[in-house]
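Novice: Given chain L's structure and the hints, the job is docking chain H onto it.
Chains as they are written, first to last, in numbering that gives the first Met the number 0: chain L, 0 to 277; chain H, 0 to 277.
Any given hint could turn out to be false.
[Unchecked claim] Okay, derived cross-link-like pairs now, EDC-like style, lysine to aspartate or glutamate, Cα gap no bigger than 20 Å in a straight line: (1) K258(L) to E255(H); (2) K163(H) to D107(H); (3) K133(L) to E99(L); (4) K265(H) to D254(L).
In case anyone wonders, no lab produced these hints; they're calculated from the structure. None of the values given here were measured: they were computed from a predicted structure.
Number of protein chains: 2
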Amino acid sequence: MIRLNDKEPFSPIEYAYEVDAVLLRKESAFQEILVVENPYFGRMMVLDGIVQLTSRDEFFYHEMLTHVVMHAHPSPKTVAVVGGGDGAVLREVLKHSGIEKVFLVEIDEEIIKASKLFFPDMAASLDDPRVEIKLMDGAEFVRAPECYIDVFIVDAGDIVGFAKSLFAEEFFRSLADSLGDDGVFVTHTGSMHFHRNMVLDVQSTLKEILPVVDLYTASLATCPGNWWTFSAASKKYGLRDMRRPFQVKTRYYDDEIHKQCFITEKLYAKFMRGGLEW
Amino acid sequence: MIRLNDKEPFSPIEYAYEVDAVLLRKESAFQEILVVENPYFGRMMVLDGIVQLTSRDEFFYHEMLTHVVMHAHPSPKTVAVVGGGDGAVLREVLKHSGIEKVFLVEIDEEIIKASKLFFPDMAASLDDPRVEIKLMDGAEFVRAPECYIDVFIVDAGDIVGFAKSLFAEEFFRSLADSLGDDGVFVTHTGSMHFHRNMVLDVQSTLKEILPVVDLYTASLATCPGNWWTFSAASKKYGLRDMRRPFQVKTRYYDDEIHKQCFITEKLYAKFMRGGLEW
Numbered sequence: 000m001i002r003l004n005d006k007e008p009f010s011p012i013e014y015a016y017e018v019d020a021v022l023l024r025k026e027s028a029f030q031e032i033l034v035v036e037n038p039y040f041g042r043m044m045v046l047d048g049i050v051q052l053t054s055r056d057e058f059f060y061h062e063m064l065t066h067v068v069m070h071a072h073p074s075p076k077t078v079a080v081v082g083g084g085d086g087a088v089l090r091e092v093l094k095h096s097g098i099e100k101v102f103l104v105e106i107d108e109e110i111i112k113a114s115k116l117f118f119p120d121m122a123a124s125l126d127d128p129r130v131e132i133k134l135m136d137g138a139e140f141v142r143a144p145e146c147y148i149d150v151f152i153v154d155a156g157d158i159v160g161f162a163k164s165l166f167a168e169e170f171f172r173s174l175a176d177s178l179g180d181d182g183v184f185v186t187h188t189g190s191m192h193f194h195r196n197m198v199l200d201v202q203s204t205l206k207e208i209l210p211v212v213d214l215y216t217a218s219l220a221t222c223p224g225n226w227w228t229f230s231a232a233s234k235k236y237g238l239r240d241m242r243r244p245f246q247v248k249t250r251y252y253d254d255e256i257h258k259q260c261f262i263t264e265k266l267y268a269k270f271m272r273g274g275l276e277w
Numbered sequence: 000m001i002r003l004n005d006k007e008p009f010s011p012i013e014y015a016y017e018v019d020a021v022l023l024r025k026e027s028a029f030q031e032i033l034v035v036e037n038p039y040f041g042r043m044m045v046l047d048g049i050v051q052l053t054s055r056d057e058f059f060y061h062e063m064l065t066h067v068v069m070h071a072h073p074s075p076k077t078v079a080v081v082g083g084g085d086g087a088v089l090r091e092v093l094k095h096s097g098i099e100k101v102f103l104v105e106i107d108e109e110i111i112k113a114s115k116l117f118f119p120d121m122a123a124s125l126d127d128p129r130v131e132i133k134l135m136d137g138a139e140f141v142r143a144p145e146c147y148i149d150v151f152i153v154d155a156g157d158i159v160g161f162a163k164s165l166f167a168e169e170f171f172r173s174l175a176d177s178l179g180d181d182g183v184f185v186t187h188t189g190s191m192h193f194h195r196n197m198v199l200d201v202q203s204t205l206k207e208i209l210p211v212v213d214l215y216t217a218s219l220a221t222c223p224g225n226w227w228t229f230s231a232a233s234k235k236y237g238l239r240d241m242r243r244p245f246q247v248k249t250r251y252y253d254d255e256i257h258k259q260c261f262i263t264e265k266l267y268a269k270f271m272r273g274g275l276e277w
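Okay, chain L solo, but in the shape it has when bound (with noise of 0.2 Å):
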């Protein structure tokens, strides 16, 4: 078993999959990227021995992801995505309109290469002239951002490798300072499963720094423990209400699935007091 903390096993089932081919094994500065076929999914990416994405599903996780903020936000024009490099919440962050910049901060150029190659549909958006690439560490950005950011994306791939500085609360207080007044913020953090000390470690520490915090989650089927969760939080306004009128052509979330897919009020109240055991 992998552990995140002392607390949990990152995941106590080990999945396994079938491999028609591998079109990529790369040992970058940061972590091994594997690009892998497989039968059912499509192509995957695995980082450190951990799927981050395959071609037939990676749809639930970045719309999941991108679009519950971005409609809780009443006119973004400027977002932060922080990993991501993979191209894919770039893709559902600039079928908004209005969008007039997005940050790409990514510590690992090697994705982006390896997305390129191997995600072309995904990779495409990292083209677009309202994307600037930084290729940095996002702890690093948050310290010091050009300007103030409507709705920021943490795409972390990796919540026990080294993308942990991505989890601490110095990150999380940077980032709230770079916000806009309307600002919204999101990023996964693991399985209602398998990871719940996790989530109520971000869950606390969000609450100390923001007004809004909140928590959604959607069923990813390659993820540890599957039942995923997304932490988001914001200065001012609540992320269970739109604030426009659903406009993105997606392929899962709409403006149902928004309503429908944040915690309950009564499991969130028994999850903030520790006292679900399972």
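Specialist: Using the frame of chain L, we list chain H on its own:
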């Protein structure tokens, strides 16, 4: 890949679990029954290589299978459970007041024996005086039930193996005939990620037989594809509304989860048009 039908595999991911101890390995007349101890999930029951339940998280599945339909009925007195020889659905059913009779129709007596030995908390309800155990095929039971059934719960262990008859049109037709005028019914139908053709087949078949058919889900960590579906139907009542107040002691299910768990209308409409590709 194990195939569910010509169109889809049962699981394109192989799930592996640490085993601290093998407590039982038995070939019954119907299946291989395995009970193992896992460091995270506790005791696990595995039938023909497929995890059926774990002590740690079985309550998600059993509460969701049982309480949605139990609350959709105004006053359930007579309940039938097909499968479920482990006793966990019985435990949930018997939490409701007013229950007079529960038929437990289990084809494989060895499941009952294994549960009594290794899952005594779940098996305790098997000895309740209101429970009548019938060691027979569920398909046979529904052809000649002794009385009308208020709530009919199919807890089939295995949708790829010998239990296939519990997902056939003939079974559903007999089952519908066995329901009282207020009767409601539920069966699990696999994963929205991996088994959509099967979900679609069962939903379409049920719609030909019963006036009200619906679909709800829960995210289950140890079921392949995990975004697990429950197909429910009734002779009269909509299933999204509770006909009695939430009245049982549970760990996950409650009145808010009842409202939230049903598939959204738009997603359901797309799904029934066959328009979902993932």
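Novice: Compare the distance between the alpha carbons of K265(H) and D254(L) with 20 Å, and conclude whether the hinted pair is satisfied.
Specialist: 9 Å, holds
Novice: Between K163(H) and D107(H), is the straight-line Cα distance small enough, at 20 Å or below?
Specialist: 15 Å, holds
Novice: If you draw a straight line from the CA of K258(L) to the CA of E255(H), is it 20 Å or shorter?
Specialist: OK: K258(L) and E255(H) at ~13 Å, within 20 Å.
Novice: Could you grab the alpha-carbon distance between K133(L) and E99(L) and see if it respects the 20 Å cut-off?
Specialist: Given pair K133(L), E99(L) holds - Cα atoms ~16 Å apart, limit 20 Å.
In this structure, none of the earlier numbered hints is contradicted; all agree with it.
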